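Two chains, two frames, some hints: make the complex.
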Amino acid sequence: MRDESTFRVKAGLAEMLKGGVIMDVVTPEQAKIAEEAGAAAVMALERVPADIRRDGGVARMSDPAMIKGIQEAVSIPVMAKARIGHFAEAQVLEALEVDFIDESEVLTPADEAHHIDKWAFKVPFVCGATNLGEALRRISEGAAMIRSKGEAGTGDIVEAVRHLRSIRGEIRRLGTLDEMELYGAAKELRAPIELVRFVAREGRLPVPLFCAGGIATPADASLVMQLGAEAVFVGSGIFKSEDPERRARAIVEATTHYQDPARVAKASEGLGAAMESLETRTLEESQLLAGRGW
Amino acid sequence: MTATTDAPLIGVVALQGGFAAHERMLRGLGARVREVRTPADLEGLEGLVWPGGESTTMTLAVEREGLAEPLRALVADGTPVFGTCAGMIMLDRAHLGLLDVLCRRNAFGRQLHSFEADLHVPGVTDGQEPIRAVFIRAPWVREAGPDVEVLAEVDGHPVAVRQGNLLAVSFHPELSDDVRLHRRFLELVLARRGDR
Chain L
814 MRDESTFRVK
824 AGLAEMLKGG
834 VIMDVVTPEQ
844 AKIAEEAGAA
854 AVMALERVPA
864 DIRRDGGVAR
874 MSDPAMIKGI
884 QEAVSIPVMA
894 KARIGHFAEA
904 QVLEALEVDF
914 IDESEVLTPA
924 DEAHHIDKWA
934 FKVPFVCGAT
944 NLGEALRRIS
954 EGAAMIRSKG
964 EAGTGDIVEA
974 VRHLRSIRGE
984 IRRLGTLDEM
994 ELYGAAKELR
1004 APIELVRFVA
1014 REGRLPVPLF
1024 CAGGIATPAD
1034 ASLVMQLGAE
1044 AVFVGSGIFK
1054 SEDPERRARA
1064 IVEATTHYQD
1074 PARVAKASEG
1084 LGAAMESLET
1094 RTLEESQLLA
1104 GRGW
Chain V
24 MTATTDAPLI
34 GVVALQGGFA
44 AHERMLRGLG
54 ARVREVRTPA
64 DLEGLEGLVW
74 PGGESTTMTL
84 AVEREGLAEP
94 LRALVADGTP
104 VFGTCAGMIM
114 LDRAHLGLLD
124 VLCRRNAFGR
134 QLHSFEADLH
144 VPGVTDGQEP
154 IRAVFIRAPW
164 VREAGPDVEV
174 LAEVDGHPVA
184 VRQGNLLAVS
194 FHPELSDDVR
204 LHRRFLELVL
214 ARRGDR
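Quick note, the sequences are listed as chains L and V, same order. Under my numbering, the residues of the first sequence are numbered 814 to 1107, in order. Under my numbering, the residues of the second sequence are numbered 24 to 219, in order.
For reference, chain V alone in the conformation it holds in the complex (with noise of 0.2 Å):
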């Protein structure tokens, strides 16, 4: 699909990591897309994706270069936010504190445990196959607070959750082919646009 100029605008943050998978299943969806890197990108946006890489590094980066009250502004609004793993990390408690859960990082251990599993979303996989959901150093909720809904758990575990237009997953959709998450992702979007 090509984005026409009616196509959602989805900030995707690109201060570190696997911000080039996203952008790719973002336009493949006819989005369109701009890297985030200071606040002036924010300005507009009708979605944010936040990749994974290293919470580390990206914690040293939005300080750097002041995120952190503006991207508050950008949910407070209601804007939409997905998050995969490092990228949920970023929005729980102990980072942004914009999404009610605390994480706890490399939960599952070192890359030698990194792998795949299938899962079922509601709302998501309903009656179809499961998604492939890819983990790498990946952490995962251990608490969540009563307004967040748990989508799916891994070993008891969470590892999809929503609290509002806030969505957070402790996998990597953009690393396989299934785009139903970000195509939930952008209904959301979407959803708001209608409300607005």
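So here's chain L without its partners, still in its complex pose (with noise of 0.2 Å):
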């Protein structure tokens, strides 16, 4: 008997992206480059955060035309985004054979209560986490891989590091907790019973944790995949550099040998000034995308 689009198959292309780096790209051309450089996937959209941030105004999915031209161009899976709720962004995305969807922060939300159940659905879905109760009640709605936010667009990694230790801090302390302390747990991180014991029994989340947000340099790669992140999305951080391709080759090599220092230097070398940056902390509330999700 055959089954398309179990949760294992789903889960399973999260997992086959391991130790890779996954590149936004909003042409054919930096699709390209990016395949060549050793993406692991691409990010197919219109403008990346650090633009979506300058231009302001509603970020909604990108042009199909734009998305497909990405897929005919590339070998490597395609994901693109849609907006937090908006599932008629995500049955598009699903019509065009995308094969993950990113439901993102990145985007202006659709629905301030609720997110897309992503059971509804036979593409896998990517969802940001900040905590752990966020990435859990993501994967309640059957997101097959959990991000961390960071802050998109700004090439800080100080959000994406915040995250990252509060996800793996949390599932450290659930591994130290009795069966009655684990249903007080599950009612304060608002997630359900079932998968939190699976991460207090197994010290980890039951789909791949990935990184996004705020990576611009080799060295941001190694630091959030010592972290305990499984592999790293780069967002503006490659095509707003000053040369994309090297530096896109050298956030590979660092996430292949993160543990590495001297790997990391070596790539770290001459790379050509990083994107321009903005200072989570220096920005105003209503500028930062992590809060965006419930």
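Hints listed in this document are in silico derivations from the structure and should not be mistaken for laboratory results. Model, not experiment: these values are computed from the prediction. There are no misleading hints in this set.
Listed below are the simulated SDA-like cross-link pairs for lysine to any residue, each with C-alpha atoms no more than 20 Å apart in a straight line:
#  : chain 1 : residue 1 : chain 2 : residue 2
1  : L       : Lys-1079  : V       : Thr-61
2  : L       : Lys-881   : V       : Leu-135
3  : L       : Lys-881   : V       : His-136
4  : L       : Lys-935   : V       : Leu-135
5  : L       : Lys-845   : V       : Thr-82
6  : L       : Lys-845   : V       : Arg-87
7  : L       : Lys-881   : V       : Ala-130
8  : L       : Lys-1079  : V       : Glu-86
9  : L       : Lys-1079  : V       : Pro-62
10 : L       : Lys-935   : V       : Ala-130
11 : L       : Lys-1079  : V       : Arg-87
12 : L       : Lys-1079  : V       : Val-85
13 : L       : Lys-881   : V       : Arg-128
14 : L       : Lys-1079  : V       : Gly-89
15 : L       : Lys-881   : V       : Arg-133
16 : L       : Lys-845   : V       : Arg-133
17 : L       : Lys-1079  : V       : Glu-88
18 : L       : Lys-845   : V       : Asn-129
19 : L       : Lys-935   : V       : Ala-140
Here's what the structure looks like:
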């Protein structure tokens, strides 16, 4: 008997992206450059987060023609973003046969109370999270991969570090609780007890944990991998830098050799200027993206 | 099981992809495991597992690390290798040329068409339940040389092959709880130890 799109098949694709770099691209040409630099997948979108931030206004799903162009240009998986709660955008992306849908806080949320019911789809979803409760709520809705949110489009790693440390720290804490205490923890985390029990027992999420938001250098990639990320998303960090091709290769190399400082050092040499960055601490509350999602 | 010093030492290619799941499974079967990223990591291995992932990413990494020649030497020496999905592609004629097959990438289509199916593999599931095989943007074998034994097919396309000590499947046994293919691979490793 043949079953398509089981949860194992969905989370399995996330498993295959581990140890890799998923790069934001806005044209088929950029997608080719990303693939040739060793990207494990690309995220097709109209504007990278740094530009969304600069331009303001409502950020929506990309033009299907642009997504198709990127699908034709590369053989690696192609992901695309839908607005939080905008299940019709997700339906369109599924009809386009994208390989992964990112229900993303980088776009302007469409629903202020509900995330997409991801179980209703055959294509796997990745969702952002800033803490363990948020991650488990997204998994309970059917997400097959979690990425820490960070603060997209800033080139500032501080929020990604905060979110990863929070998720990993709370996972470790659950491991120290007894069965009775897990019920209290589930209530605090606002997450289903079954998922809380799994995390307490296994010491990890039931789906892969990747990192996104603010990665701009090979050392940033090494940092988040050492903090427990299993792969990295690089948004504006590559194509907003001085030499995207070189930087892309360097971040791929550093992600593979994240435990080897000599290799990360070598990969970091002579890359030119990183993306123009924003210090998250100086941003207004209304400019922060990570708070989107509930 | 806990690995003893006598346990076989298996390398798992960790350039990119599903290496963690293979490692868990191999350790569960009592093997010692080493992640392989550079030629130095190949030293002393008794078997090598090549996980799934993206073959374009892996091809670039093999080139960057200078792994092609040392890998050919390892296989020429008779070391058993087990490739899954992209790992099978990496072994084929168009890539490292270690296994006499040619694969078609993403043969079943995009992720929307990824699936699970029951599969019998001779010498592995004889008289037993089939393997629940997980296919993810999977390849199939479109050409196989005379020394290649086709072990299983889906829709008339080979998805599991063996050529001497090289075993390759286009699906993901490491994503299930079914350890039979990994156990079979470790048998090849131990048999070779006996031959030496």
